[in-house]
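Enquirer: Sequence:
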Amino acid sequence: MAARDISHEAIIALVRAQPELWDSECPRFADRVLKRSKWEEVYRYVTPNWDDMSATEQDNRDRGLFCSVHMTVFCKH
1 MAARDISHEA
11 IIALVRAQPE
21 LWDSECPRFA
31 DRVLKRSKWE
41 EVYRYVTPNW
51 DDMSATEQDN
61 RDRGLFCSVH
71 MTVFCKH
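First residue of the sequence shown? That's 1 in the numbering used here, and the numbers climb one at a time after it.
Calculated directly from the structure, the hints in this document are not laboratory data.
Be a bit skeptical, because a hint or two may be false.
Unchecked claim - Ranges between beta-carbon positions, derived for each pair: (1) 48 <-> 25: 31 to 41 angstroms; (2) 24 <-> 52: 32 to 42 angstroms; (3) 27 <-> 57: 26 to 36 angstroms.
Said to hold, decoys possible - Straight-line distance between alpha carbons at most 25 angstroms, and here's what the computed DMTMM-like set of lysine to aspartate or glutamate pairs gives: (4) 35 <-> 57; (5) 38 <-> 5; (6) 35 <-> 59; (7) 38 <-> 52; (8) 38 <-> 51; (9) 35 <-> 62; (10) 38 <-> 23; (11) 35 <-> 9; (12) 38 <-> 57; (13) 35 <-> 51; (14) 38 <-> 20; (15) 38 <-> 25; (16) 38 <-> 9; (17) 38 <-> 62; (18) 35 <-> 20; (19) 35 <-> 52; (20) 35 <-> 23; (21) 38 <-> 59; (22) 35 <-> 25.
Built from N, CA and C at the ideal position, the CB exists for glycine as well.
Whole structure, please, built from the sequences with the hints as guidance.
Expert: As structure tokens, then:
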């Protein structure tokens, strides 16, 4: 699974640009289909071969990236 050399800060900026992913006051926050689409935009940017990956590989990459962003943003000590 090749990934771009991209900083956590850049990934966070990509996510922050999509308020429906994180802002519970955003009118589209509850739209799961839209959220999935927006997350896939982030994954495609970070993982150039995203569309060539199997569903299992995508799911594993999805979880890893989500956890990485979550830990960076919410778990700083």
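Enquirer: Evaluate each hint against the coordinates.
Expert: Verification of the supplied hints:
Separation of residue 48 from residue 25 is about 33 angstroms and conforms to the stated range, judged on CB atoms against 31 to 41 angstroms. At roughly 34 angstroms, the beta-carbon separation of residue 24 and residue 52 lies within the given 32 to 42 angstroms, and the hint holds. Checked against the hint of 26 to 36 angstroms, the C-beta distance between residue 27 and residue 57 comes to roughly 33 angstroms, which is consistent with it. Only pairs whose Cα atoms come within 25 angstroms are accepted, and residue 35 paired with residue 57 is accepted, the gap being roughly 19 angstroms.
A hinted pair counts as satisfied when its Cα atoms are at most 25 angstroms apart, and residue 38 with residue 5 qualifies at roughly 20 angstroms. For the hint pairing residue 35 with residue 59, the CA-to-CA distance comes to about 15 angstroms; that is within 25 angstroms, so the pair holds. A hinted pair counts as satisfied when its Cα atoms are at most 25 angstroms apart, and residue 38 with residue 52 qualifies at roughly 18 angstroms. Of the supplied pair hints, the one linking residue 38 and residue 51 holds, its CA atoms being roughly 15 angstroms apart against a limit of 25 angstroms.
Of the pairs offered as hints, the one joining residue 35 and residue 62 holds, with about 13 angstroms between alpha carbons and a cut-off of 25 angstroms not exceeded. Proximity of residue 38 to residue 23 is assessed by CA-CA distance (about 13 angstroms); at most 25 angstroms being required, the pair is judged to hold. Taking the CA atoms of residue 35 and residue 9, the gap is about 20 angstroms. The hint holds against a cut of 25 angstroms. As the CA atoms of residue 38 and residue 57 are separated by approximately 18 angstroms, the hinted pair is consistent with the 25 angstroms bound.
For a cut-off of 25 angstroms, the pair hint linking residue 35 to residue 51 stands: about 18 angstroms separates their Cα positions. The suggested pairing of residue 38 with residue 20 holds, with an alpha-carbon distance near 8 angstroms, which does not exceed 25 angstroms. This hinted pair checks out: residue 38 and residue 25 have alpha carbons roughly 17 angstroms apart, not beyond 25 angstroms. For a cut-off of 25 angstroms, the pair hint linking residue 38 to residue 9 stands: about 18 angstroms separates their Cα positions.
Proposed proximity of residue 38 and residue 62 is supported: the alpha carbons are some 12 angstroms apart, at most 25 angstroms. A C-alpha spacing of about 6 angstroms is found between residue 35 and residue 20, which places the hinted pair at or below 25 angstroms, so the restraint holds. Note on residue 35 and residue 52: the hinted pairing holds, with a Cα-Cα distance of about 21 angstroms set against a maximum of 25 angstroms. Of the pairs offered as hints, the one joining residue 35 and residue 23 holds, with about 11 angstroms between alpha carbons and a cut-off of 25 angstroms not exceeded.
The hinted pair formed by residue 38 and residue 59 meets the criterion: a straight-line CA distance of about 15 angstroms does not exceed 25 angstroms. Our distance criterion of 25 angstroms between C-alpha atoms is met by residue 35 and residue 25, whose separation comes to about 14 angstroms.
The structure shown violates none of the earlier numbered hints.
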